[in-house]
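K.L.:
Using the sequences and the accompanying hints, generate a full structural model.
Here is how the chains run, residue by residue.
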Amino acid sequence: MSFSLNEVEATAKRAARGAGYAWGIAEEAGKATRWLCAQGLDGPAELAKLLDMGFAGSLDQHMPQDLTADWVGEKDLCPLTCGAALSDYAKKWQADPLHLRRVAVPLLLLPLVANAVKCQNAVATITTDGINAVTDGTHLSCSDVDMSRADHVTVSTGGTLETTRPKQTRATPDPASWDVLTNFAFRTYAPATEQSRLLGAGAGLSDND
Amino acid sequence: MTDSRSHIARRDPATVMRLSRLGSLHQCRLSFMRQLTRRMANEGWTFSRPVFNIDDAGVGHAVYSAHGPERAYSLVAFAHDLPPEQRSDRVIAEAWDATFTLFDGVPTNEDIDRLSQNVPLQEAGRVSESELSLSRANRSVRLWAHVVDRLATGQQPDLEQIYKVGYLMRTTAVYGSGKFGAADREKTGNRPETNAPFQTEMLSVYLTRTFVRDLVQHMAQVKGGDATAKLDADIARWLGIGNSTGLGMAPFIVNHPILFNNWIMVREEAISRVRSIETASAEEDRAFREIFERSKLSMSWWHSEHPVQIKKLAALNADLSSISTYLSQEKLQHDYPWDRLVRWSETALSQEGQELVASLILEPYGDLVDGLSSCMADSNSGAHVINGAMPVTEVRSLFDQSFGWAMDLDWTAPENCARAWYVSEEKLEPRLGERFKEPIAEYEQPLAPARDAVRAQKALAEWDGEALIAEFLLRHPEHRHAVRRAQMATVAPYGEIHDNTISADVLPIDMLRAKLSFFGATHFDPRSDRWVRICMYSGAPYPEDLIRENADLWVYPEVQK
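Sequence order for the protein chains is A and B. For what it's worth, the numbering used here labels the leading residue of the first sequence as 2, then goes sequentially. For what it's worth, the numbering used here labels the leading residue of the second sequence as -5, then goes sequentially.
Not the full set, but computed from the structure, chain A residues with beta-carbon under 10 Å of chain B:
no.	residue
1	Leu60
2	Lys93
3	Arg188
Quick caveat, the hints were computed from the structure, so don't treat them as lab data. Backbone N, C-alpha and C define an ideal beta-carbon position, used for all residues, glycine too.
P.N.:
So, in structure tokens, the structure goes:
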């Protein structure tokens, strides 16, 4: 099915929240998933892979322990949390390349690194187990990859945007992955009760006047 | 948006962004409906009705096309035979009197076939990138029957009844921006005619009004045959389109702080420019007085049965008398006449009256005001990106700037957090519930920016002021959304409501009215604290009559001499 990018963003945000992430991270997940779709990548499939890993309940184990060295967590790093930090913390990787060890669903790092370079009119290269992706924030040069995790990701400034991916205005996500997202999103909706039905919207059920 | 003429500053966000004031806003020259009708007249848009295929039971479809300089847009309308027991304005309704989509271009028969299988289902159907909006409407049962019966017996409807209700049908949702598969805003945002906010939605409603007029004539004809009267054009003009709006609209202004800021800031800039005029011409003085008189007539048709609005209308009527007295005593030509009027209004009028004055003084100054409308869209696509290099101390002062008023509030007191916004699994309807009486807290949406800012500020207190906010956010992702909003305030000083959106006495209708006033809505009629009916396009020329001379001031009825 063809979805608008707004639908992708809204569903991804709710799904990340439903999976237990904070609202601010869920907002990043929405924008990131949309950005990947705009590059012709299956953003919802990437997010679904991550949410199925269930990191949100024990995020401390999936975050870098020490920011002054290579980023490595007790367990695989969460790409949303680390990606948000890469976006916030461009200084950390602008002078020297930053190395991340054992990262889950590394493609989700791209849009958040893209945030940072777009603001600075710069270009960044993200190398994932030897595969290069280059972005100026708007365009992406990257082959089709499908990775659940990477042992080694390097983020650095510079690089050459060669063949950029054609931009897309719609998304046709893998249906099973989309179902994963809608199921997580469903957790953010309150079950309808008769009381909420009658009082919650402050309106009656008939308008024959 | 700065101008050397402006020496009377924009009003303070702390004044403007209070909910009671936002809930007292009135339409003005910058309203989205008026922007649309001005543009269509100036550019000489033409209109056609390529299809009107409605049977004797009132079931079928019709197409209305609007042709601009470069592109055409078409309303595809489906008319249904709705059993009364299914007529509900709620989002949870599943059938309507009429359903619509705005098509980008002119649809083929294949498009119409596809749409006929989806548009009548609304949320349960799918539209495509060729469609820009999805909407539906229900009849005002009483006025519909009155107009059909009168016309069918060769008579004209009673104008008093039309003034009282204002519309034959009210839309109960107008979805745009990618909802249910429709095109994203990005598809049309760069076109001159759809760059300003909500122009596709406003066009859809404008064409819907024409369809409804034609449909009521058709149904009268079916009933009355040869004896049927043709609806008088002067009466038809006062038929607007209603809108029934519930809570779904309230989160919008919280969720789009940059966009909402741009609307408010542009209006405040316009008010500031007009207040800064030292000398007004006799013609400008006269024009203002005329618009005020016409506005009074419109207000006289504004009724509500809701206690809050009854009180506000009583105050507004008293304000209108006070303004009349002021105008009979003062000339509006010398010594900063508009600033004097605004300053006087702040001492003499209710907020309804103050905001009416603020909107009305813009009317004589199209040259000074209308160009600002190009600043009302949200073109700042990077505003959501957090600046992690900002020191903690700077973020603290941003929180104080937007939410200083909230820092000393006891956020644990039940009356200050009595409510929670949530989304029901029933058609994803937004609702507002009682936090301490219903099991909803775990589903709460982030629609209490003030409370969340205070929480973040408390957490920041333990941090070194020189630390980067990025470090804080890595350890405290739960405050990320609050920090993002605080940073947005640097470019959007009017982006935050300066009131508690979860207090026991919050009135969501104030948030609805703030948004609807920018659409250009009139005759706000709250049906409860969280649901309002309004009127759109009442008095506007129909497409075949739209010319420059009547494209703008139609919202003010002409006073019979």
